[in-house]
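*Asks:* Residue strings, one per chain:
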Amino acid sequence: MTNDSELLRQQARQQELKYIKNNKRKMMIFSILSITALLLIWHFVVTFRLVNTRFLESPVTVINTIITKFTDINPDGGYLHQHIIESAKVVWVGFLVGSLVGIPLGLFMGWYRIFDHLIRPLFEMVRPIPALAWIPIVLLFLGIGVAARSAIIFFGSFVGIVLNTYVGVRQTNQVLINVAKTCGASNFEIFYKIGIPSAMPMIFTGLKTAMGAAWATVVAAEMLSASKGLGYMIQMGRMYGEVSLILAGIIVIGIFGLISSWMIGCLEDIVLKWRPKNHEN
Amino acid sequence: MKTNPLLKNTSIGYKFFYYISSTFALILFLILWHITAISGKTMLPTPADTIWRLITIWGTEISNQPMIAHVGMSIWRIVSALIVAVLFGIPFGVAMGWNKTFRAVFKPIFETIRPVPPIAWVPLVTLWFGTGEIPRIIIIFMGVLMPIVVNSYAGVSMVPRLNIDVGRSFGAKSLDMLFDIVLPSSLGAIFAGVRTAVGTGWMVLLASEMLAAKSGIGFLIMQGTNNSDLELAIVGMVMIGVMGALFAYGFDYLERWLCPWKRS
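Residue numbers (full-length UniProt numbering), protein chains in the order written: chain A, 1 to 281; chain B, 1 to 264.
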């Protein structure tokens, strides 16, 4: 009797798994179909001349543009890899300085009340100002160049990193703190051994958001003042009326935004090895 | 109001120091600013001059428009983009979280567009729609749409399984469950999305106004930069900060009013 019910349960479970698997496959097919449909519509709208090629080029032309741009300097005076390297350099310099300043600041502000009290008014003043609004000040002190653009990225990434780190360290489990206290740890030891590791997941959330903000900001900063970079490239595409160059730029920016956040995700997996799998998502 | 634990059983002198210390950084900042300004190496105006300009600017005209018109223009742009994005983005995100087929069709398209920063669309949108109010609002719309859709979608798909099962046991129809269970429990996440969207919105608004506009706060900052009128540029910075902070507070109040269970 118990064996029978066990068998029935197993069969039901297998059926359920099969159903889930089939469903997943169905959804996959839907997804592939929808992307293909989008590309096909895009392609045929252009090839049947439903829109002027001044306004839209077919996906094939866009991919061609991406490939030839590696060896073609026209019309903006730079190869694609030069633009990519320029943008990536600005993003990573600004982002790294932002994290090097932002993480410690957030940690100290979250852990030491007096530090919070000292810095907070100034931070609250800077916080709502979007990165781009710093352009006049940055131009004044750093002129035009990689340093200036990196400084703008710094402002774009810094605030998000500080806020997330701050929240992360504040959420440290009080039980863990009490245990450490009972074992005779000093305040700094607790901060170092419990506070910082507990804040790590939130720090990485902050870094990921900041990376997205950094790419958004770099595009705007390069459109405003630069002579290289992906933002500059798409702006030039607009000036010369080359839609394929704009679309190519948009695609490359999207890809590199993804690669950057993927790199942070990898770093997170390495640093947070101790975290149980399937923690979230 | 809870008493600050740091101030328990401490002397009056310490309390005094504690309250003074919060303004300490601000004062230091102003002093440094002032010294840099009067050293004459840069064109930085002094803090006093800037504050004076911030007060008097309301009586002057910049590019034939009073200050209030510039601020009003920026607010109008961001609010109209937000309204359109909320009206379109929340139903879209909820539909993506609620209906599997809808999700399977639209999520891949959405995920392909998502990593592109909104400002990257500026050249394409200006090429398609020219330079005017409508293209500018379209760009801001694209910027604020993403967080709203993503959060609505996440909110709906994270509704506890238990709540839905309870609804089903009580014989709720699909639509009843959507309006009585799923929407209320995802309202918090949707609101978080709108709040993120407001921050992104100011950023995109500023970029579009700095790139091409004849009015608005971003225009003021650009005007100040190009004419070496740094007082004007800093006034613009302050204004955008103040507006951003006011909007954030406004949405906090709105959330507390719409989600009374979140008041604590």
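Mixed in with the good hints, there may be bad ones.
[What the hints assert, rightly or not] Part of the chain A face toward chain B, derived, beta carbon under 7 Å: (1) 9; (2) 11; (3) 12; (4) 35; (5) 36; (6) 38; (7) 40; (8) 41; (9) 130; (10) 132; (11) 219; (12) 235; (13) 240; (14) 246; (15) 250.
Think of the hints as simulated: they come from the structure by calculation, not from any bench. Values in this document were obtained by computation on a predicted structure and should not be read as measured data. Even for Gly, the Cβ is constructed at its ideal location relative to N, Cα and C.
*Asks:* Compare the structure with each hint and give your call.
*Replies:* Checked hints:
At about 19 Å, the closest approach between the beta carbon of residue 9 (chain A) and any beta carbon in chain B exceeds 7 Å, and the interface hint on this residue is violated. At its closest, the beta carbon of residue 11 (chain A) sits 23 Å from a beta carbon of chain B; the interface hint therefore is violated under the 7 Å criterion. The restraint placing residue 12 (chain A) at the interface with chain B is violated, with a minimum CB-CB distance near 18 Å, outside the 7 Å limit. Here the hint on residue 35 (chain A) is kept, as its CB sits about 5 Å from the closest CB of chain B, short of 7 Å.
Proximity of residue 36 (chain A) to chain B is violated relative to the hint, the smallest CB-CB distance being about 10 Å (cut-off 7 Å). Hint status for residue 38 (chain A): holds, given a least beta-carbon distance of 6 Å to chain B, under 7 Å. Interface restraint check for residue 40 (chain A): the shortest CB-CB distance to chain B comes to about 13 Å, outside 7 Å, so the restraint is violated. With its C-beta approaching chain B no nearer than about 11 Å, residue 41 (chain A) sits outside the 7 Å limit, and its interface hint is violated.
A cut of 7 Å between beta carbons decides the hint on residue 130 (chain A): the least distance to chain B is about 4 Å, and the hint holds. Annotation: interface hint on residue 132 (chain A) holds; nearest CB of chain B at approximately 5 Å, less than 7 Å. Annotation: residue 219 (chain A) was flagged as interfacial toward chain B, and the flag holds, the nearest CB pair being 5 Å apart, inside 7 Å. With a cut of 7 Å, the hint placing residue 235 (chain A) at the interface with chain B holds, because the nearest CB-to-CB distance is about 6 Å.
The interface hint given for residue 240 (chain A) is broken, as the beta carbon of that residue sits about 11 Å from the closest beta carbon of chain B, more than 7 Å. Because the beta carbon of residue 246 (chain A) sits about 5 Å from the nearest beta carbon in chain B, less than 7 Å, this interface hint is met. Among the interface hints, the one on residue 250 (chain A) holds; its C-beta lies about 5 Å from the nearest C-beta in chain B, closer than the 7 Å criterion.
Going down the numbered hints, you'll see the structure goes against 1, 2, 3, 5, 7, 8, 13, while the others check out.
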